[in-house]
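*Asks:* Sequence:
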Amino acid sequence: MAGCRLRLWRYGRGRLRPVVARDDVPPPPVNVDEAGVVSAAESERWIAPVPGVEGYWYEIEEPAGDPMVAGQTLAPLLAQLIDGERDSLALAKQLASRYEEIELLYTISEVLGRTIRLDEAAQTIVSEVSDVVGARRASIFVYDETAEMLRPVAGIGKDVAELSPVGINDPESITSRVFRTGHTVSYDPRHPEEPNPAIGEDRGYRGAAFLSVPILYPGADGMPRPIGVINLTDRLGTDAFSGGERRVVTAVANQIGAAIENARLVERDLIQQRVRRELELAHGLQLKLLPSPDLLGPGVDVAARCVPAHSVGGDFYHFVRLPEGRIGVMLGDVSSHGFSAALVMALVLSAAGIHAEEVASPDVTLRRLLESVEDDLAETEMHLSLFYGVADPVAGVLRYANAGHPHAFRIGATGAPERLQATAPPLGLTDPEAITAAEAPWTSGEDLLLLFSDGIVDARNAEGAKLGEQRVLELATEHRTAPSRDIVEAILAAAADFEAAAKDDRTILALRT
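Residue numbers for the sequence shown follow our numbering, beginning at 1 and rising by one.
Treat the hints loosely; a few may be bogus.
Here are the simulated distance ranges between beta carbons [stated by the list, open to error]:
1) Pro192 <-> Arg225: 30 to 36 Å
2) Gly464 <-> Ala309: 14 to 20 Å
3) Ala501 <-> Pro189: 56 to 62 Å
What the hints contain is simulated information worked out from the structure, not anything from laboratory work. Positions of the beta carbon are idealized from the N, C-alpha and C atoms, including for glycine.
With the hints as constraints, model all of the structure from the sequences given.
*Replies:* If you want it as structure tokens, here you go:
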């Protein structure tokens with residue numbers, strides 16, 4: 001374009017070095033004066049910084065005319081190319097990080113289903129977490145109610161036998177403080193102006209940065225309570241934990257709580273009760289993974305219930321509040337039953353929580369979700385029906401993607417319910433590219449989104465007759481002006497009256513914005 005040859009340099013340690021050597025022998029580093037002119041024995045060389053891209057310079061070789069004129073033509077193109085390459089590298093790094101997070105969540109889900117010893121569960125989890133966030137040293141402390149102490153149950157970088165128990169009222173212990181308050185405590189040495197919470201505590205860590213996260217588990221009243229603490233420090237590389245690493249450790253800490261409670265209870269059981277206990281615990285753990293409607297905050301009328309059958313299953317739902325007043329809701333049903341379906345459900349729910357917050361488009365969300373779990377569905381020979389809808393009260397539209405879920409309806413203030421047809425086959429039976437989206441009108445304060453699983457319509461009475469979808473829709477239509485909670489409870493009560501002992505999980509969700 002400019003009738004010349006071009007070489008790209010990168011500045012570092014006071015000198016310029018070639019980015020890519022064009023010849024077999026790369027040119028030596030050079031020094032540059034403020035004017036961008038380099039004097040060499042053989043000739044004068046013209047080198048200038050790439051505008052807007054710090055640290056990169058370019059050299060004009062063999063110009064047909066004035067090198068400054070050639071530079072004015074080439075410099076903007078170079079800046080665009082370098083910025084594009086940087087963006088590609090940043091995106092690749094982000095995708096790799098997300099993949100690691102999903103893999104970590106899947107590993108924790110596996111531990112939930114198979115581990116029966118507390119020390120084994122904690123050691124496996126702390127090892128996986130420390131690998132993902134790059135911590136050389138990590139530990140898990142669990143609350144001992146009898147002694148009112150936090151006892152170490154796992155350690156990386158220091159043997160658990162060398163760790164001392166911590167009193168829950170120890171005023172100088174970070175671990176004790178995190179347990180008492182239920183809040184994360186961390187320190188980033190890149191911001192020395194912020195107070196170091198560990199000053200006065202003889203931590204003996206090699207790195208200045210640390211991250212201490214409470215391990216929470218819902219109590220009998222449904223409110224989360226601390227049952228332990230996970231600590232990480234001695235970072236590999238930069239001595240600081242990123243915001244993404246703090247978020248993923250917090251998410252994992254909730255699952256650690258489930259694993260710890262699972263292992264604690266199973267250890268108390270007699271051998272002959274172990275299998276039955278595992279099934280009961282798995283039921284409880286599945287329900288604890290489901291979010292509370294309260295997470296959406298005020299102004300949203302939403303209710304959801306999952307009534308499990310006798311064995312673990314694959315029903316689930318999810319809520320997410322999106323920007324600009326939009327609300328996303330999801331309901332899915334994994335094929336088959338048992339622990340394998342429960343593990344797939346936990347994996348899908350964890351991945352859904354990540355992808356639903358990254359993008360607002362329902363079809364893109366389901367595509368990314370499928371890409372995350374596609375191999376696992378193939379290995380287990382399972383699939384799942386899944387509906388994800390985003391209600392936009394401002395735009396007056398309901399955008400959704402329906403991967404083979406049969407029971408999804410929009411119920412207006414008047415008229416018959418509108419079926420929200422499938423826009424793709426169930427996940428596990430289709431490719432991501434086949435997932436599309438659709439739209440339906442949405443009137444805030446009037447329209448109702450109703451989602452439910454097969455376990456409700458398949459409820460049978462003593463004569464073998466099914467409750468059926470039509471009866472469910474009649475109940476919803478009769479109660480269309482009632483709060484979402486009343487609609488959910490009325491339909492579940494009808495299913496229970498029809499068949500008291502459910503043979504399949506019964507899950508239902510109702511949303512009005």
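*Asks:* Each hint: holds or not?
*Replies:* So, going through the hints one by one against the coordinates:
Here the CB-CB span from Pro192 to Arg225 is close to 35 Å, well matched to the stated 30 to 36 Å. Checking the proposed 14 to 20 Å range against Gly464 and Ala309 shows it holds: the Cβ atoms sit about 18 Å from each other. Separation of Ala501 from Pro189 is about 59 Å and conforms to the stated range, judged on CB atoms against 56 to 62 Å.
Comparing the model with each numbered hint stated earlier shows that all of them hold.
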